[in-house]
Amino acid sequence: MKDLGYADLNIPSKPESTVKARVVRALELGYQTVAINTVIHQESLFLKKKTSDKDNALSDFPEPTTVTLSETDYPELANKGLKPTILTRLTLVIKDNDFLIHYNKSNTAKKYDLLGLIPRSSNALQNALKSFRFDILSYDPELEHFHWNRKLYREALEKHVSFELNYAPMITDREHRRKIIALAYNYNFVGKCKGIILSSSAKRPIDLRSPTDVANLCCILSMNECRGREAVMKQCANVHKAALGRKMGVFRVRVDRVVQETTTAAVSAPVTVASVVDKEPEERREGIEVIDCSSSDSSVSAEDSDVENMEED
Amino acid sequence: MVRRKHRYAVVQLERTSSIALPYLDVKPLKASEDDIFKAVKIKLGELHGDYGRAVTTLGMRVKYLNEATRIVVLRARLGEPFKMMASTLPFVTSIGAESIQCTTLYIAGTIRHSLIFLEKRQKRIFKQVLEMFKSDKGQKKYKMSEPELKERILQITKLEM
Chain V
5 MKDLGYADLN IPSKPESTVK ARVVRALELG YQTVAINTVI HQESLFLKKK TSDKDNALSD
65 FPEPTTVTLS ETDYPELANK GLKPTILTRL TLVIKDNDFL IHYNKSNTAK KYDLLGLIPR
125 SSNALQNALK SFRFDILSYD PELEHFHWNR KLYREALEKH VSFELNYAPM ITDREHRRKI
185 IALAYNYNFV GKCKGIILSS SAKRPIDLRS PTDVANLCCI LSMNECRGRE AVMKQCANVH
245 KAALGRKMGV FRVRVDRVVQ ETTTAAVSAP VTVASVVDKE PEERREGIEV IDCSSSDSSV
305 SAEDSDVENM EED
Chain R
2 MVRRKHRYAV VQLERTSSIA LPYLDVKPLK ASEDDIFKAV KIKLGELHGD YGRAVTTLGM
62 RVKYLNEATR IVVLRARLGE PFKMMASTLP FVTSIGAESI QCTTLYIAGT IRHSLIFLEK
122 RQKRIFKQVL EMFKSDKGQK KYKMSEPELK ERILQITKLE M
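Order-wise, the sequence lines are chains V and R. Note that my numbering has the first sequence beginning at 5, numbered continuously upward. Note that my numbering has the second sequence beginning at 2, numbered continuously upward.
Hints were generated in silico from the structure; no laboratory data involved. Wrong hints could be hidden among the right ones.
Claimed, not checked - Within a straight-line C-alpha distance of at most 30 Å, the following computed DSS-like cross-link-like pairs (lysine-lysine) qualify:
no., chain 1, residue 1, chain 2, residue 2
1, V, Lys183, R, Lys31
2, V, Lys84, R, Lys44
3, V, Lys84, R, Lys151
4, R, Lys124, V, Lys87
5, V, Lys207, R, Lys28
6, R, Lys121, V, Lys87
7, R, Lys151, R, Lys64
8, R, Lys128, V, Lys87
9, V, Lys198, V, Lys163
10, V, Lys24, R, Lys28
11, R, Lys84, V, Lys198
12, V, Lys183, R, Lys121
13, V, Lys99, V, Lys87
14, V, Lys6, V, Lys155
15, V, Lys84, V, Lys245
16, V, Lys24, R, Lys159
17, V, Lys207, R, Lys42
18, R, Lys84, V, Lys238
19, R, Lys84, R, Lys64
20, V, Lys196, V, Lys87
21, V, Lys114, V, Lys245
22, R, Lys121, V, Lys238
23, V, Lys87, V, Lys155
24, V, Lys207, R, Lys64
25, R, Lys31, V, Lys207
26, V, Lys163, V, Lys114
27, R, Lys151, R, Lys31
28, R, Lys64, V, Lys24
29, R, Lys159, V, Lys207
30, R, Lys159, V, Lys183
31, V, Lys198, R, Lys44
32, V, Lys207, R, Lys44
33, R, Lys84, R, Lys128
34, V, Lys196, R, Lys44
35, R, Lys39, V, Lys183
36, V, Lys196, R, Lys84
37, R, Lys128, V, Lys207
38, V, Lys84, R, Lys31
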């Protein structure tokens with residue numbers, strides 16, 4: 005897994021003319037990874053029954069936005085010999101589970117690297133957690149609060165979901181500032197601020213701040229200093245890991261005994277791993293099937309040997 | 002006697018009008034140490050209330066200010082006072098009549114370390130700026146005639162002389 009460094013996982017793609025300016029400014033301030041975010045409301049997706057909104061509705065998810073950068077755009081990183089990583093992210097604003105119909109059909113929705121969700125009520129969140137897997141749970145300061153409790157927070161944490169707090173609305177507007185501080189205080193009470201990431205949702209390049217400044221916001225948002233620093237670096241790497249695991253899905257590992265060519269040593273030869281599916285050992289796994297070759301026969305087949313199911317979390 | 006410990010934050014103030022442009026910003030700041038001190042105190046009162054202002058203003062001081070390079074070194078007592086001051090720096094958006102943006106470059110335990118960091122940084126940036134004065138063929142040519150030098154400076158900084 006490559007080291008991501010400081011990360012800013014929410015740069016909206018809506019004022020399209022300034023996307024490149026914002027990305028270049030973020031790289032200048034010290035960030036190494038950046039994710040470009042497209043927000044889609046559930047009501048704007050096209051349903052055949054509702055014929056009144058035909059013109060405004062989308063028939064399919066939009067393509068992910070890309071930014072081309074040359075080496076002159078990131079001089080500080082190029083001096084160290086590093087390259088920035090640019091990810092793409094999709095955020096859905098939902099009321100109930102009907103968006104799954106559109107999501108499972110389309111192919112463009114699966115091209116995005118990260119997946120986020122903004123639920124409008126706690127019922128919507130509970131229904132989504134049962135059947136749908138996503139990476140980031142975000143918050144829109146223009147929507148109303150809903151009620152959090154410890155059980156809901158723990159459930160979301162177990163499904164590898166991180167909670168996101170945005171700091172750009174705090175800088176521009178006073179009412180939003182109060183709402184976001186109240187939400188952070190709530191997260192502290194309900195779950196000790198585990199699994200929180202801090203990101204900007206900056207619509208102008210002026211609203212971006214350097215990573216040390218963002219980590220120092222932990223004092224206002226009722227977090228420890230440790231959590232503040234984790235929120236900009238380590239937890240973002242965890243989000244990327246969880247997203248990769250979600251895309252890969254369930255896989256299998258097969259353990260075989262290697263028969264050596266010198267026949268005298270074959271009997272006492274220990275069991276070794278022959279064929280392993282191509283992956284690195286640190287990534288999270290949904291479920292593993294390990295085929296145990298404990299019999300002394302040299303030829304092993306999948307049907308004869310015992311199958312052990314291991315689940316890791 | 003117990004030693005009083007402080008933290009020194011090295012902060013750069015950038016103008017919002019010159020953030021996205023690739024030209025050097027050479028105009029000096031028109032602000033004094035008092036103006037900066039007041040702007041930070043007012044934001045502290047908004048965010049942390051009476052407790053914030055009371056706890057931080059005991060040991061808070063502006064220790065170094067360079068208007069040409071727009072660098073400020075702010076001091077506060079170790080612990081709660083410094084945490085509160087550091088968390089309000091992203092929210093400071095205007096000093097006097099100008100709109101600016103704060104970025105913390107370094108946090109030091111003594112004045113000496115903060116100035117050592119500054120010296121290294123300015124030397125590194127000076128080298129980068131000197132490279133802009135190359136001649137058109139790419140050679141490093143630092144002895145230029147007066148009209149050539151004026152033209153090159155105007156190109157880099159976009160000032161109106």
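Hints violated by the structure (numbers, ascending):
1, 2, 3, 7, 12, 13, 14, 20, 23, 24, 28, 30, 33, 37 and 38
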